[in-house]
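S.K.: Taking the hints into account, I'd like the entire structure generated from these sequences.
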Amino acid sequence: MQGKELTSQYLDELNDIQRKAVTTLDGPVMVIAGPGSGKTRVLTYRIAHLIRSGVAPWQILALTFTNKAAKEMKARIETVVGQSAYKVWAGTFHSLFARILRVEAHRIGYPNDFTIYDTDDSKSAVKEIIKSLKLDPKVYNNGAIRSRISSAKSNLITPRLYAANEDYLNQDAVNRRPMTYKIYEKYVNKCIRSGAMDFDDLLLQMFKLLYQNPDNIREKYQRQFKYLMVDEFQDTNFLQYEILKQFCIYENSPRNVCIVGDDAQSIYSFRGATIENILQFENDFPELQTFKLEQNYRSTSHIVQAANDIINNNTRQIQKKIWTDRIGGHKIKMVKAMTENEEGKMVADNIVEQKNRYSLANKDIAILYRTNAQSRIFEEYLRRYNIPYKIYGGLSFYQRKEIKDIIAYMRLSINSKDDEAFKRVINYPRRGIGQTTLAKISTIADDNDVSMWECLNSIDFNVRAKQKLIDFVKLIRTFQAKAVQADAYKTALFIVKKSGIVDLLKSENSIEGQARIDNINALLDGIQEFTEDDVLDEGEDINKQERTLADFLQTISLMTDQDKNTENPDTITMMSVHAAKGLEYKSVFVVGVEENLFPSYMSLSSPDQLEEERRLFYVAITRAEEHICLSFANSRYQYGNVRYNDPSRFLEEISNDDVEANISMKKKPEFGPPKILGNFKPLKSATQKSLPMDVGDFSPSPAADIKVGHKILHLKFGIGEVLSIDERNVATIKFDSNIDSPEKRIMLQYARLQIME
DNA sequence: GTAGTCACTATTTGA
DNA sequence: TAGTGACTAC
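One point on numbering: in this note's numbering, the residue at position 166 of the first sequence is 404, and numbering is uninterrupted.
Treat the hints as calculated values from the structure; they're not laboratory data. Note that beta-carbon positions come from the ideal geometry of N, C-alpha and C, so glycine has one too. It is possible that part of the hints are untrue.
If you anchor each label on the Cβ, the simulated ranges turn out as follows [stated by the list, open to error]:
| # | residue 1 | residue 2 | range |
| --- | --- | --- | --- |
| 1 | L371 | R398 | 16 to 24 Å |
| 2 | R614 | D709 | 43 to 51 Å |
| 3 | K369 | A753 | 30 to 38 Å |
Each computed DSSO-like pair below joins lysine-lysine, with the alpha-carbon atoms no more than 30 Å apart [stated by the list, open to error]:
| # | residue 1 | residue 2 |
| --- | --- | --- |
| 4 | K365 | K376 |
| 5 | K642 | K706 |
| 6 | K558 | K661 |
M.R.: What follows is the structure in structure tokens.
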């Protein structure tokens with residue numbers, strides 16, 4: 239990469255306002271960046287400009303919310319300043335702080351090789367505490383408690399402050415969960431003795447580290463980070479802002495801090511983000527310079543107009559006028575369907591038509607929805623029409639059971655105090671360590687305030703349990719030994735082999751089992767890649783790390799699916815509106831634009847939340863460059879019932895001038911397919927599992943009559959063939975209907991099966 | 001230990 | 001409706 243031509247014309251690529259934002263390097267700066275206004279360009283060129291003005295790359299701290307944004311940023315800085323771009327401290331809040339804590343955690347009572355708990359781990363820990371306090375798990379819903387704790391941490395409310403905070407206590411009282419403070423306290427203890435930090439801790443402990451070590455630590459970083467930048471500032475929470483202030487508010491600070499964001503695109507208040515931070519920023523830095531990027535380069539004028547019309551209905555916003563010089567273009571299309579099924583069909587038809595008429599590629603098109611559950615119907619029609627698509631969201635690779643199981647073994651090998659990992663693998667695969675033994679360990683660990691692993695020695699078990707535990711400890715110790723002397727890949731391979739999980743999956747002899755093994759192999763491939771990825775000598779990425787298993791674990795615990803290979807060649811994109819933030823497509827379909835859905839029924843009662851829904855809708859339509867289509871259905875299935883929803887109030891907020899006239903909302907809905915497609919037959923929903931015959935005809939045959947080779951009927955699984963019957967009268971039956979796992983093992987004495995002629 | 005049953009719930013989601 | 005977690009009955 240040496241000798242790469244460095245662009246020096248980058249300043250010419252900017253408009254006046256953008257250029258000012260890029261070249262105003264000193265003092266506090268606020269950039270309000272409307273959709274499509276070249277925000278990323280400003281951000282990256284500003285960093286490039288800093289470097290070219292003589293600031294060392296490692297003196298720049300650039301915080302983002304997603305790995306993807308950070309990666310993109312670094313890549314784009316590189317095109318201007320070359321390899322030194324990778325010496326910039328650019329990354330997510332969580333990943334950069336995790337890196338620092340990896341070195342400094344011992345100063346605040348954590349081991350440096352602490353585990354990072356994901357949301358599931360936290361929930362599971364909370365659940366156990368609820369159980370140990372003998373509270374009703376129905377009242378004390380572990381998810382709700384976890385978000386409560388998360389919210390407290392994000393507002394710098396420690397357990398002690400929580401117990402004295404009237405607001406929190408009152409809210410808990412109203413929710414009939416008065417013991418929440420106690421759970422919080424125990425949860426914090428549990429994390430400490432497990433050597434674990436949850437996602438909020440990565441921020442909170444970072445704050446603590448700086449706050450409690452003003453001389454040696456805080457000052458060090460204050461001196462290092464001469465220039466601070468925060469992307470998507472409207473998404474920061476209180477705690478994140480407090481940390482930022484630790485870096486730049488102190489005596490004789492140059493106060494070189496630049497925040498970039500758009501209050502109109504703040505859509506994450508439900509996870510603690512607060513627009514108050516923008517107002518607070520103006521208070522904390524009264525000398526700040528503000529630049530508003532108002533020219534939209536992305537969309538044509540009807541789209542920009544409509545977006546403005548909508549957002550103007552919000553009262554709380556920073557005044558700005560988004561405009562475009564791309565006058566004209568296509569008007570907004572509104573599509574009314576009778577049912578959700580028809581909506582699916584009409585959208586798919588429109589996609590076909592657009593592709594033909596405007597020669598759009600699949601990757602130019604996106605379907606955006608408010609809730610992930612809406613994707614199914616569109617999936618069905620696109621599949622039917624043979625249009626490739628990709629659905630984003632849903633279960634990530636690292637949340638799959640088999641992956642979490644393997645990773646739990648790895649975690650335990652690196653940090654044996656990790657209780658969540660311990661619980662996960664202690665009896666998986668089965669090694670005869672049952673609930674009783676586990677409960678005993680858990681209680682004693684709790685009583686002595688140590689991790690489960692640490693208290694194993696001090697407990698009297700019966701001989702059998704004891705032997706099993708000794709074997710388990712031995713196993714983990716071999717993993718630990720391997721981890722010390724081998725690289726991540728070799729260690730991982732060893733753990734996968736010796737843990738017995740793959741053998742167990744193999745023995746299941748099912749398609750699912752095989753799929754899981756494939757996933758584990760994919761994980762191993764990923765680890766191999768990680769291990770062999772050579773570190774560059776020159777221009778080494780400041781964020782690249784060693785290649786041990788511990789490093790791998792840290793990397794993946796902060797990674798999500800969207801960060802992984804996005805080698806989708808040419809597919810339609812389907813995702814929630816939230817997930818689409820920051821992306822753009824030539825043609826966007828926003829579907830389900832109905833009252834109770836978009837805006838969500840959950841937000842109708844609160845004006846603030848309604849405004850957030852409106853911002854979300856604003857984000858949705860501003861993703862479009864040239865075409866936007868808003869669709870809604872008269873009725874749709876929600877929770878098993880047909881629900882009739884009115885068109886969304888947001889639709890009325892769009893001026894008629896920007897809406898395609900021929901498809902007005904008043905027009906009678908069209909039935910049947912548009913002409914271009916000929917006689918298309920509506921298909922039956924894939925989830926409507928039709929029974930092979932009427933239930934009334936069903937009369938189970940006596941178990942004794944059922945023999946190998948019989949065709950049988952099962953009420954739930956349909957028609958199947960008996961493949962074998964073992965000595966305990968368990969039949970293996972192959973059902974045609976169940977494509978995912980055709981073979982079921984069914985106990986004849988209990989199952990209701992009818993022999994068919 | 002496990003298949004089946006019951007009761008419950010139901011946005012958005014990054015790290 | 002559909003997915004999940006807890007319980008139950010062998």
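S.K.: Would you mind marking each hint as holding or not holding in the structure?
M.R.: How the hints compare with the structure:
1. Distance hint for L371 and R398: a CB-CB separation of about 18 Å, consistent with the stated range 16 to 24 Å.
2. In this structure, R614 and D709 meet the distance hint of 43 to 51 Å, their C-beta atoms being roughly 46 Å apart.
3. Checked against the hint of 30 to 38 Å, the pair K369 and A753 passes, with Cβ atoms roughly 33 Å apart.
4. Pair hint K365 plus K376 holds up; C-alpha atoms about 11 Å apart against a cutoff of 30 Å.
5. Taking the CA atoms of K642 and K706, the gap is near 23 Å; set against the 30 Å cutoff, the hint holds.
6. The straight-line distance between the Cα atoms of K558 and K661 is roughly 53 Å, outside the 30 Å bound, and the hint therefore fails.
Checked against the numbered hints given earlier, the structure breaks only hint 6 and satisfies all the rest.
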